[in-house]
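Peer 1: Line order of the protein sequences matches chains A and B.
Heads up: the first sequence runs through residues 1 to 402, numbered per this note's numbering.
Heads up: the second sequence runs through residues 1001 to 1402, numbered per this note's numbering.
Source of the hints: derived by calculation from the structure; they are not laboratory data.
Quick caveat, the model's predicted, so the values are computed rather than measured.
Certain hints may be false.
[Unchecked claim] Restraint-style ranges between C-beta atoms, simulated for each label pair:
id	chain 1	residue 1	chain 2	residue 2	range
1	A	PRO357	B	GLY1181	31 to 37 Å
2	B	VAL1136	A	ARG108	22 to 28 Å
3	A	ARG108	B	ASP1203	35 to 41 Å
4	A	ARG398	B	PRO1103	35 to 41 Å
5	B	LYS1394	A	ALA36	33 to 39 Å
6	B	HIS1198	A	ARG108	42 to 48 Å
7	B	ARG1230	A	ARG201	49 to 55 Å
8	B	LYS1394	A	GLU229	33 to 39 Å
Where a beta carbon is used, it is the ideal one built from N, C-alpha and C, also for glycine.
Number of protein chains: 2
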Amino acid sequence: MLESPQQLADPTASAGPRRIYLDGNSLGPPSLDMAARMAAFVTDEWHADLIGGWNGQGWWDLPVAIGDRIGDLIGAGPGQVIAADTTTVLLYKALVAGLYLRPDRDARPWIVTHTGNFPTDRHVLDGVARQFGAQVEAVAAADMADAICDGTAIVYATHVDFRSGARLDIGALTAAAHAKGAVVVWDLSHSAGAMDLHLDRDDVDLAVGCSYKFLNGGPGAPAFLYAAERHHDDLVNAVPGWIGDAQPFAMLEEHRPAPGIRRMLSGTPPVIGLRALDIALDGFDDVDMADLRRHSVALTERFIELADRDLAPHGFTVASPRDADRRGSHVSLGHRDAYAIVQAMIAAGVVGDFREPNLCRFGFAPLHLTLNDVDEAVARLLELMETGAWQDPKFAERRSVT
Amino acid sequence: MLESPQQLADPTASAGPRRIYLDGNSLGPPSLDMAARMAAFVTDEWHADLIGGWNGQGWWDLPVAIGDRIGDLIGAGPGQVIAADTTTVLLYKALVAGLYLRPDRDARPWIVTHTGNFPTDRHVLDGVARQFGAQVEAVAAADMADAICDGTAIVYATHVDFRSGARLDIGALTAAAHAKGAVVVWDLSHSAGAMDLHLDRDDVDLAVGCSYKFLNGGPGAPAFLYAAERHHDDLVNAVPGWIGDAQPFAMLEEHRPAPGIRRMLSGTPPVIGLRALDIALDGFDDVDMADLRRHSVALTERFIELADRDLAPHGFTVASPRDADRRGSHVSLGHRDAYAIVQAMIAAGVVGDFREPNLCRFGFAPLHLTLNDVDEAVARLLELMETGAWQDPKFAERRSVT
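All chains, please: the whole structure from these sequences, using the hints.
Peer 2: This is the structure we're talking about:
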């Protein structure tokens, strides 16, 4: 099934050469039925039911219903995941909730994290630290376990590094945190939907992830938050709102948090984005995540093998771990001319992306890529290098934004 | 034009009797072209451009581009409004930013607000007060100006009351706050898109509003935040994220807030919801907001006139201000059997809603309602009362949620 991904749109269809899309780790493609079903949402739900849709179409429960569907993909039992807000906002809520879970820590609790994280992770952490008087200790990922001390309230880490694809051991680091009485907050943005995760088994406290990457929810799709059931009664929502209240329509001024994970909801659920995500998740029906992970490993193994054989002679170096157990679902190659090469690749129909300072990043979304796609991508990149076509000055011209 | 609203979906089309939709203040209807254009978004933007859509389709700039469109409707010059997040999250950011704008206030700054506000306004305020050590003084709306003292950091008020439709004077209360050195945070959820607002003229500091009510952005559409340009350099975002950074793709760990209103953005923009809102706002092209407000007043005046004449004999009382200058775009009628009557009305095709403890609430979205709709709604309600049809026990049975 993974070799014939009928449920997903064919990202190869484009005006130019057949497109090989190695950026599903930035933005996943829409499913084949997405356009028709989003039109049906407007007509059959929004227009047909108007305000009645909140009950009649189940909009009210979408954050927890979709949360449960995501829970199935990350090893979380029901009632522990919500889909809402953005990754940044949910990281903020998770960090604040983590601090409230450890009120016994020092007056200035320590948060241990690693360097080189995605900017938003660090920005939001520094914001929380400033507001709540916490101290941040950022060390190399490999040194985190040693940095945890008795004053540590939170260990905050990203499972798969956005640059290198290096993957941390969730179970081991969580255990190290718990041994010192700290809670963990994991960022799963570059892993959910591409590998098998086991949040319940690994005794994770809090986790947040992105749904527009490997989960294919669409640009800016709602994010997700996991909180282990054992913490639910003690969860404090930094942004308390009516949707997380025990009785929203009693319209009381005093907030009484809803039982369970619902208390982490704040504002009115973003129904349009949630419905698109709901449709996207159909692509994971009947997918065994361990199988999906095996396919992901096969794709990245093949890519590294071909990179060593064909691309190394042209100045590329493998900047991702060679041990598959320590790697996520993308591979980065270093090259001194990475920026221009990525632009030339995109023009040749192989879509990856450039990451500062010198990385060509290739995402291998296992739900819709085949081993043949890997072969074809490397063959085209090799051709660009052999012909020197990438040296056209137009490719070196820096453009703004992405 | 306001009498023939071609641009909007016909909310009257339904399986039962012709539907008269008096709940556009809870959820506005989709425009006639919404389904086709959302399908086109999936096909021509998301699928066609994939990751390239961030630049190629302008997704990156949607929060500020749509913010400017909303700015046109609320009397705000360009570059002062963003569309993002939810109303609750933006209220949180506005309140925290307000506190940072007044660091000279007492160690425990005062926030003056009014009682009877929508629950989320009060929940989020209490959350901010707890986290930042602020004190909340909640008084009757009419007493707010007198409650402002030299220690007041923020005056926080909702322009149009969600129950009664009572409307506060933005200019006067803002001036009273400024006279004591406080900043104002206005909630415009029940006014944006239904009346003429003048945030720049009235010297407002910060404001937040909802776009799924009169702005017709769809269920859970992104909210909007206004911050006056004079404050931009001093704005602190409680939830700092990469989208609000000066150089997001430099991928630096240290956050440097973007210039202007962009610094109030946190996570990746919710593009699907933003595009729907963008489409919805086309319905306001060429609409003069003063004209729209005049039509809104005409609708509510007619309704009150008919309620006095036809409904008062059946136990209804007008619970909204009779002075149009002190009223928003909805009218509430008190009745001891309000709950059952609203359910019977909905069954008869007149969609309003019940609000605790005894209110029948009727929203008059001026963009798509006519005076004839008002007449027809009252005629049907009168018939329900005269025939006693509303007394069917099924209508008194309380259901959950909305």
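Peer 1: Now look at each hint and say whether the structure bears it out.
Peer 2: Each hint tested on the structure:
At about 47 Å, the CB distance of PRO357 of chain A to GLY1181 of chain B disagrees with the hint of 31 to 37 Å. Against the hinted window of 22 to 28 Å, the Cβ-Cβ separation of VAL1136 of chain B and ARG108 of chain A comes to about 27 Å, which satisfies the hint. A C-beta distance of roughly 40 Å is found between ARG108 of chain A and ASP1203 of chain B, which places it inside the suggested range of 35 to 41 Å. The given range of 35 to 41 Å is respected by ARG398 of chain A and PRO1103 of chain B, whose C-beta atoms sit roughly 39 Å from each other.
Here the CB-CB span from LYS1394 of chain B to ALA36 of chain A is close to 36 Å, well matched to the stated 33 to 39 Å. One distance hint, 42 to 48 Å for the beta-carbon pair HIS1198 of chain B and ARG108 of chain A, holds here, with the actual separation near 46 Å. One distance hint, 49 to 55 Å for the beta-carbon pair ARG1230 of chain B and ARG201 of chain A, holds here, with the actual separation near 54 Å. Judged by the Cβ atoms, the range 33 to 39 Å given for LYS1394 of chain B and GLU229 of chain A holds: they are separated by roughly 38 Å.
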